[in-house]
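Work the whole structure out from these sequences, hints included.
Residue-level listing of the chains:
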Amino acid sequence: KAGVTQTPRYLIKTRGQQVTLSCSPISGHRSVSWYQQTPGQGLQFLFEYFSETQRNKGNFPGRFSGRQFSNSRSEMNVSTLELGDSALYLCASSPGLAGNQETQYFGPGTRLLVL
Amino acid sequence: LAKTTQPISMDSYEGQEVNITCSHNNIATNDYITWYQQFPSQGPRFIIQGYKTKVTNEVASLFIPADRKSSTLSLPRVSLSDTAVYYCLSRKGGSYIPTFGRGTSLIVHP
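Order-wise, the sequence lines are chains A and B.
According to my numbering, the first sequence is numbered sequentially starting from 1.
According to my numbering, the second sequence is numbered sequentially starting from 1001.
Calculated from the structure, these hints are not laboratory results.
In this text the structure is predicted, and so the values were computed from the model without any measurement.
Ideal placement from N, C-alpha and C gives every residue a C-beta, glycine not left out.
Hints should not be assumed to be uniformly reliable.
[To be verified] Residues from chain A that face chain B, not an exhaustive set, calculated with beta carbons under 8 Å:
1. 42
2. 43
3. 56
4. 90
5. 101
6. 106
7. 108
8. 109
Here is the structure:
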């Protein structure tokens, strides 16, 4: 079974631009979560989507948004990029039906650099 | 302020047992504790998960005391390939938000 895939793997943007990152979950998984990883703040939860609906949301500004499609693929968007948005953005998928005992499977991440 | 804390770094030698403890003193009543391993330029990889007492799988053991305010990941007989960052994950009481510790960088020496 193929793992979680994320595209693109690397991205360079300038301040003020917007960016869209894509995540394809493991086949059959309906939950997709997004995380931001930085040296300063570590791994922080952005949001989780299940069956095309945002089920949970972390403590990030409204510039960070996401969506999920009917095939469970998900995208996240960051508008009006700031230098501090430079990070590794990780996507994780799980079946989505067993709550907090489910294992999350992570993709390799998208490395975003904002100049 | 409730936090999920773990040591920043640890050093060990091949063949030794390594124990990494995570403190999660405000863990949600019904939440599981999960540990992940991360190599550079890769996403975290699941190691082990538990709710209480002891769990063991083919790569690690997880010890959780009765009060569940901490957990200890035990790696038996580490090898050079176990050099990585190890994260614990739980959720705070009253919140769904998954909270990772800051990670423990384990370096295994020959």
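Hints, one by one, checked against the model:
no. : hint : result
1   : 42   : holds (5 Å)
2   : 43   : holds (4 Å)
3   : 56   : holds (5 Å)
4   : 90   : holds (5 Å)
5   : 101  : holds (5 Å)
6   : 106  : holds (3 Å)
7   : 108  : holds (5 Å)
8   : 109  : holds (5 Å)
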